[in-house]
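So the sequences go chain by chain: F and R.
Residues in the first sequence are numbered from 1 upward in steps of one, following UniProt numbering.
Residues in the second sequence are numbered from 1 upward in steps of one, following UniProt numbering.
It should be emphasised that the hints constitute simulated quantities derived from the structure, not laboratory data.
Take the hints with a grain of salt, since some may be wrong.
[Unchecked claim] Below 27 Å or equal to it, Euclidean Cα-Cα: the simulated DSSO-like pairs (lysine-lysine) are:
(1) K39/R - K115/R
(2) K39/R - K2/R
(3) K138/F - K39/R
(4) K2/F - K138/R
(5) K39/F - K138/R
(6) K2/R - K186/R
Since the structure is predicted, the reported quantities are computational estimates derived from the model, not experimental observations.
Chain by chain, the residues run as shown.
There are 2 protein chains.
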Amino acid sequence: MKLYDLEVSGNCYKVRLFAALAQIELQLVPVDFSRNEHKSAAICSLNPWGQVPILQDDNLVLRDAQAILVYLAGRYGGEAWWPGEAHLQGQVMQWLSVAASEIQHGPNAARLVKKFGAQLDMQQAQARSEHILGLMDKHLAEQSWLAVGRPTIADCAVFPYVVLAWEGEVDISPYQHIQAWITRIKALPGFIGMPGVR
Amino acid sequence: MKLYDLEVSGNCYKVRLFAALAQIELQLVPVDFSRNEHKSAAICSLNPWGQVPILQDDNLVLRDAQAILVYLAGRYGGEAWWPGEAHLQGQVMQWLSVAASEIQHGPNAARLVKKFGAQLDMQQAQARSEHILGLMDKHLAEQSWLAVGRPTIADCAVFPYVVLAWEGEVDISPYQHIQAWITRIKALPGFIGMPGVR
Chain F
1 MKLYDLEVSG
11 NCYKVRLFAA
21 LAQIELQLVP
31 VDFSRNEHKS
41 AAICSLNPWG
51 QVPILQDDNL
61 VLRDAQAILV
71 YLAGRYGGEA
81 WWPGEAHLQG
91 QVMQWLSVAA
101 SEIQHGPNAA
111 RLVKKFGAQL
121 DMQQAQARSE
131 HILGLMDKHL
141 AEQSWLAVGR
151 PTIADCAVFP
161 YVVLAWEGEV
171 DISPYQHIQA
181 WITRIKALPG
191 FIGMPGVR
Chain R
1 MKLYDLEVSG
11 NCYKVRLFAA
21 LAQIELQLVP
31 VDFSRNEHKS
41 AAICSLNPWG
51 QVPILQDDNL
61 VLRDAQAILV
71 YLAGRYGGEA
81 WWPGEAHLQG
91 QVMQWLSVAA
101 SEIQHGPNAA
111 RLVKKFGAQL
121 DMQQAQARSE
131 HILGLMDKHL
141 AEQSWLAVGR
151 PTIADCAVFP
161 YVVLAWEGEV
171 DISPYQHIQA
181 WITRIKALPG
191 FIGMPGVR
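So here's chain F without its partners, still in its complex pose (with noise of 0.2 Å):
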């Protein structure tokens, strides 16, 4: 099972880091972004968003790293990681949803600006930022997990672009229900970090 990434990204850095947790082996093959690679009549056929993650597994070609997450723990990863049940998969969606947009929008979109040069809106990264942080650290007050009460793809999913908030100039010390949160998952057996993840 072949993995398309690239090391800097958060998105990446989702599937690298649930996989690690669940004991799922991943074939990483690089995408090399400098050279624009990304973007390569290759990479495009399999995605045509022209982005990584992409995950191929025999005949499946899936984008996204929520839609990968999905698959990976439907199909290896157990219910623990994404319950069958539809009361506790709406939970967990909840947090995918968060992840493919407020996060995305926020702490992502002001590291992309600070680290990457992206032409972005920086004032409304950070307020989108400083918006979805309070509303999970306010969350995380009352739960260790995003959802039902156990790591789940959830976490995979919102932890990478928190963590890496800083590199955004997004300052997360303030909450300290997200900082008790991220102790706990790098506590998970078999959590890996990536650059940026202190």
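Add chain R to chain F, keeping to what the hints say.
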């Protein structure tokens, strides 16, 4: 089962549309945005985000349209709308992320600016809209539905802000495969519209 609802919200319409197609009965509870009711203590106690839709089914409370779709389909809609197999879930999930990210920050953002006067970057919303609509159109050139060869919650999640794009002055007339897909969705048994769906 209660849906806290705003008639002009495309996110609420995702849920109303799916419930109509899958013949799931919802009790609509209108939330009065003109009186800021979505920021009231009552609503925020259900959803700290202060947003609708919110679904309440006995003790379960869910926010986020995509999460509500996953729950409703998994619990009441049957395999057709949200398949149980991991590789099919992954394919549907790709489009739930598109709904939460590219559509939310593309055509939806443009509509928020033009219809409701939101302070968002219109140029960026337009550029994002063109990008995602172009990708969707190519995808729909080769298949009738967004995922797994049949109508699923993916179509219900993406349809509203695409068909309402004109309200954000995003022109979808150049995208003939999207047009044909809209026609197919409107022909589904049980289909319902909302204000602005032409």
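Verification of the hints:
no., hint, verdict
1, K39/R - K115/R, "20 Å, holds"
2, K39/R - K2/R, "18 Å, holds"
3, K138/F - K39/R, "17 Å, holds"
4, K2/F - K138/R, "25 Å, holds"
5, K39/F - K138/R, "17 Å, holds"
6, K2/R - K186/R, "25 Å, holds"
Violated hints: none; the structure is consistent with every hint.
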